[in-house]
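Turn these sequences into a full structure, and let the hints steer you where they fit.
There are 2 protein chains.
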Amino acid sequence: MISQLLGVPPGPVSLSDLDPSGTPGFDGGKSEGKQALADLAEPLSDLQERLFAAGRAGDDERRVLLVLQGMDTSGKGGVMRHAVGLFDPQGVRIKAFKAPTEEERAHDFLWRIERELPEAGTIGIFDRSHYEDVLIGRVRGLADEDEIERRYAAINDFEQRVVDGGTTVVKCMLHISAGEQQARLLERLDNPEKHWKYNPGDVDERALWHDYQRAYEIALERCNTEAAPWHVVPADRKWYRNWAVATLLHETLAGFDLGWPAADFDVETERKRLLALEV
Amino acid sequence: MISQLLGVPPGPVSLSDLDPSGTPGFDGGKSEGKQALADLAEPLSDLQERLFAAGRAGDDERRVLLVLQGMDTSGKGGVMRHAVGLFDPQGVRIKAFKAPTEEERAHDFLWRIERELPEAGTIGIFDRSHYEDVLIGRVRGLADEDEIERRYAAINDFEQRVVDGGTTVVKCMLHISAGEQQARLLERLDNPEKHWKYNPGDVDERALWHDYQRAYEIALERCNTEAAPWHVVPADRKWYRNWAVATLLHETLAGFDLGWPAADFDVETERKRLLALEV
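Just so you know, the protein sequences line up as chains R and L, in that order. Just so we're on the same page, this note's numbering is the position in the first sequence counted from 1, plus 696. Just so we're on the same page, this note's numbering is the position in the second sequence counted from 1, plus 696.
Possibly wrong hints are sitting among the right ones.
For chains that are exact copies, the list does not tell them apart, and a pair is met inside one copy or across any two.
As the list claims (entries may be wrong) - Calculated cross-link-like contacts (lysine-lysine; reagent style BS3-like; alpha-carbon spacing at most 30 Å): (1) Lys968 to Lys893; (2) Lys934 to Lys968; (3) Lys890 to Lys968; (4) Lys934 to Lys726; (5) Lys968 to Lys791; (6) Lys794 to Lys934; (7) Lys730 to Lys968; (8) Lys893 to Lys726; (9) Lys934 to Lys730; (10) Lys726 to Lys890.
No lab work stands behind these hints, which were simulated from the structure alone.
Printed below as a string of structure tokens:
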């Protein structure tokens with residue numbers, strides 16, 4: 697089970713002990729990894745349609761929420777394009793959380809999150825999330841210490857409620873090395889087609905690398921609950937990262953053991969009505 | 697140009713003169729059509745990324761809005777899955793319009809539409825749209841005659857404003873035959889995996905087939921503007937329908953002649969800053 701291999705054990709977390717270039721659970725290299733991802737397209741699409749059908753049928757509250765976190769360049773966008781892109785877009789709800797607006801800042805930090813939760817039968821994807829409020833929030837001192845402390849428990853309560861409502865929460869931290877981040881930022885500078893992805897602020901954030909890693913470790917420890925556990929996905933190899941997240945989603949959906957909703961009408965009656973109707 | 701082949705000429709429209717099983721602009725059959733669609737994946741993805749980049753860079757207001765209309769089973773969902781599914785889901789905004797809620801009915805019919813318009817750099821998809829208000833609205837008499845009459849001009853004004861704001865509006869009516877609809881509804885009844893897609897109300901709507909065709913003809917005539925022209929996509933062959941809509945989107949995006957945004961920072965300075973930073 698990939699969820700167990702990448703799951704964060706209870707207790708203190710040390711990111712430096714986790715290899716960002718590892719490929720846990722996968723035997724093979726890049727080309728095999730890309731093929732394995734492509735091979736997931738059909739089963740993922742089938743499971744998603746069953747989930748969607750169950751949600752439409754009315755009394756099945758199940759849904760999935762994938763929470764993606766990671767340092768700049770860790771590949772949240774790549775996961776979206778290559779793994780989430782395997783799903784039928786009709787059943788996917790992607791929300792990218794940016795710096796909060798003035799209106800959002802006037803509310804509790806979870807207010808804007810609540811509004812973007814996926815509905816029954818769908819797969820929600822958060823590109824960044826409420827965790828930013830204990831990551832950049834902590835590193836940049838955007839809230840005072842007491843407030844930051846309060847948030848970990850608030851997140852756990854919130855996620856418990858979301859899970860109780862029928863949502864399976866899959867939290868992934870995309871774990872890259874500082875060296876790989878430098879290489880990816882350089883690539884954005886060296887390739888004019890990628891200039892638009894570069895922001896001088898990225899280097900300012902990179903200067904706080906160790907503070908961010910520490911903030912992640914604290915969040916991974918304190919919000920690693922049974923209801924909504926954390927996974928650390930080694931992300932120096934893009935192909936592995938994409939495969940691992942897609943496989944986590946596949947395991948999650950397969951675990952739902954989804955059938956097809958029964959007809960809430962009489963099939964034979966409808967057949968006759970349809971055939972009797974002259975158009 | 698597929699947009700010309702499928703574009704509706706000015707003047708009265710007669711849907712019965714348009715072959716729902718035709719394949720205008722495509723030489724070949726099903727397997728070639730599926731391959732041609734697959735071959736569009738890479739160019740579409742590249743063009744979409746350029747559009748997205750332009751939107752992010754700030755001063756390019758361009759975006760696309762695909763409006764999908766068609767009778768039940770005409771394949772709006774299939775287009776979404778197979779054609780829209782070729783794009784990176786991060787740059788796509790899908791909105792399925794259902795029967796309006798009480799809140800929506802308390803507003804002008806365009807109120808809920810306006811709120812779902814795509815932002816610069818993205819591709820919006822409307823699965824049904826404001827046209828329902830002159831289709832089911834007309835057929836089922838959901839508003840009085842004067843109000844229905846008012847709406848055609850209101851739609852034209854609205855779409856003109858949307859276009860003036862930088863949106864290219866691609867309107868497609870998926871055109872199926874009554875026989876094909878019957879076959880598809882039967883398939884939903886005969887295959888238990890498709891029961892969830894069937895609704896007894898579908899037969900009630902089918903009983904009004906000719907009224908709907910007429911309502912479409914009126915809408916296609918009166919809202920076929922230079923700013924936002926209509927296309928009729930023969931939809932009895934699923935592979936052609938998917939290829940045709942993807943090709944319309946490809947033509948649209950290719951016509952934007954999109955480059956990559958220039959850097960708004962000094963590349964050499966950033967390179968030095970990045971390399972000088974020890975992490």
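>> Check the structure against each numbered hint from earlier and tell me which ones fail, lowest number first.
In response: Going through the list in order, the structure violates hints 5 and 7 and respects the others.
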